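Residue numbers are given in the working numbering: position 347 of the sequence shown equals residue 351, and the series is strictly consecutive.
Because the hints were derived from the structure by calculation, they are not lab data. Here the structure is a predicted model, which means the values were calculated and not measured. Note that the Cβ used here is the ideal one computed from N, Cα and C, for glycine as well. Heads up, some of the hints might be wrong.
[Stated by the list, open to error] For lysine-lysine, the following DSSO-like pairs were computed, each having C-alpha atoms within a straight-line distance of at most 27 angstroms:
no.: 1; residue 1: 354; residue 2: 381
no.: 2; residue 1: 293; residue 2: 381
no.: 3; residue 1: 375; residue 2: 354
no.: 4; residue 1: 375; residue 2: 293
no.: 5; residue 1: 353; residue 2: 381
no.: 6; residue 1: 354; residue 2: 293
no.: 7; residue 1: 353; residue 2: 375
[Stated by the list, open to error] Label-pair distances were calculated between CB atoms; the ranges are:
no.: 8; residue 1: 85; residue 2: 156; range: 31 to 39 angstroms
no.: 9; residue 1: 339; residue 2: 380; range: 28 to 36 angstroms
no.: 10; residue 1: 342; residue 2: 77; range: 37 to 45 angstroms
no.: 11; residue 1: 339; residue 2: 385; range: 24 to 32 angstroms
no.: 12; residue 1: 184; residue 2: 417; range: 29 to 37 angstroms
no.: 13; residue 1: 417; residue 2: 133; range: 50 to 58 angstroms
no.: 14; residue 1: 64; residue 2: 253; range: 49 to 57 angstroms
no.: 15; residue 1: 339; residue 2: 409; range: 30 to 38 angstroms
no.: 16; residue 1: 409; residue 2: 27; range: 32 to 40 angstroms
no.: 17; residue 1: 69; residue 2: 253; range: 54 to 62 angstroms
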Amino acid sequence: MAQLSDDCFAFGGSLLGIDAARAMIFERVTPVVGIERVPLRQALGRTLAEDIAAPIAVPGYDNSAVDGYAVRFDDLQADRPTTLRCVDRIAAGHDPSAALTSGVAARIFTGAILPEGADVVIMQEDCERDGDRVTIRPGIKRGANTRRAGEDVARDSLALTAGRRLGPADLGLLAALGFPEVPVRRKLLVALLSTGDEVREPGEPLRRGQIHDANRYILAGLLERLGVEVSDHGIVGDDQARLGDALREAAAESDLVITSGGVSTGEEDHVRTAVANNGSLYFWRLAIKPGRPVAMGQIGSTPLAGLPGNPVAALLTFALVARPMIEALGAATPHVAQRFRVVADFAYKKREGRREYVRASLERTGPGLAKARRYHKEGAGMLTSLTETDGLVELAEAVTRLEPGTEVDFVPYGELI
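Please construct the entire structure, taking both the sequences and the accompanying hints into account.
What follows is the structure, given as structure tokens:
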């Protein structure tokens with residue numbers, strides 16, 4: 005389990021910028037211990053634990069990129085067709101019968117080894133075959149349609165770096181290099197629980213004033229996408245003793261505890277007090293909207309992220325705060341969400357000094373930048389504002405007013421989660 009000092013998240017300011025919070029996480033959270041080797045087919049989504057050097061070159065030999073004829077470039081006429089005698093037929097997986105001498109060609113297929121002496125391959129569409137003779141059109145360049153040994157990966161070069169979260173293409177590269185298994189960081193175990201007397205499981209009947217728990221399903225889905233194991237601790241009501249017991253139990257078995265709800269300063273916001281009574285609380289009021297109240301602390305030596313109760317704020321603060329904590333604990337290379345420019349199709353006012361995220365859909369009606377249309381309803385509790393939009397317009401701290409037609413940064417949901 006994670007071992008954190010008592011002041012790991014200590015911060016004395018009233019509001020913390022999200023960039024400063026992110027930097028603090030990666031500076032102060034120590035990765036958990038544990039490396040294992042897993043079969044390549046089981047490594048998808050896992051974090052690479054060691055740098056991978058290429059034991060072989062890829063490709064391992066000069067080969068043809070097309071079906072055609074391998075020839076010596078110096079045998080070709082620059083301004084008229086060239087006729088050569090075809091002396092060999094080379095299929096993929098088979099050795100050429102001999103080196104290519106001057107004045108001859110070899111029939112060759114995609115992926116087959118280039119015979120010694122050949123330095124260009126002519127596509128079969130650009131050739132005419134007549135018995136053992138092949139006539140080649142002029143205009144080809146030296147080296148065309150060939151793939152040289154090691155042009156993709158040189159032997160002994162650094163192929164993948166530690167900390168990389170392995171995707172399908174990474175597994176393909178590892179397979180091409182001949183690795184049947186790979187060293188990865190052990191999976192993190194994250195304890196997840198929701199809080200509040202008003203929260204009920206889907207399927208349970210609702211009394212007046214109660215709601216079904218959406219956050220735990222959102223957060224569990226986000227966690228599983230990151231390749232961590234989720235320990236679901238369900239819903240805990242607004243009772244200090246029960247909540248304290250639940251937090252201690254969750255912390256004892258996990259690398260990270262994530263809660264949703266109850267992190268503001270109201271009399272019925274119990275997570276802050278429960279964390280303070282059972283561990284250490286460093287309450288970050290982040291300078292963002294939505295999602296300002298976020299409880300950061302630890303129960304014993306296990307870090308805790310207390311996310312807001314409104315679903316939109318819970319998703320956003322997970323992306324901005326909890327995901328970096330998971331990356332730091334798992335020694336993963338920090339993910340930086342890619343932004344691209346769009347044109348705002350709406351006016352907006354905001355407070356200076358706070359970064360705000362506006363849910364928006366993209367519309368492209370012609371050339372130029374896409375237009376971002378703001379969702380028509382307000383509120384961080386609007387789940388449809390997530391399902392019916394494409395991402396977030398990000399407005400920097402210095403911005404106070406946005407006019408229609410202004411270029412802005414847009415972050416697709418896929419880059420956040």
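So which hints don't hold here, by number, going up?
none
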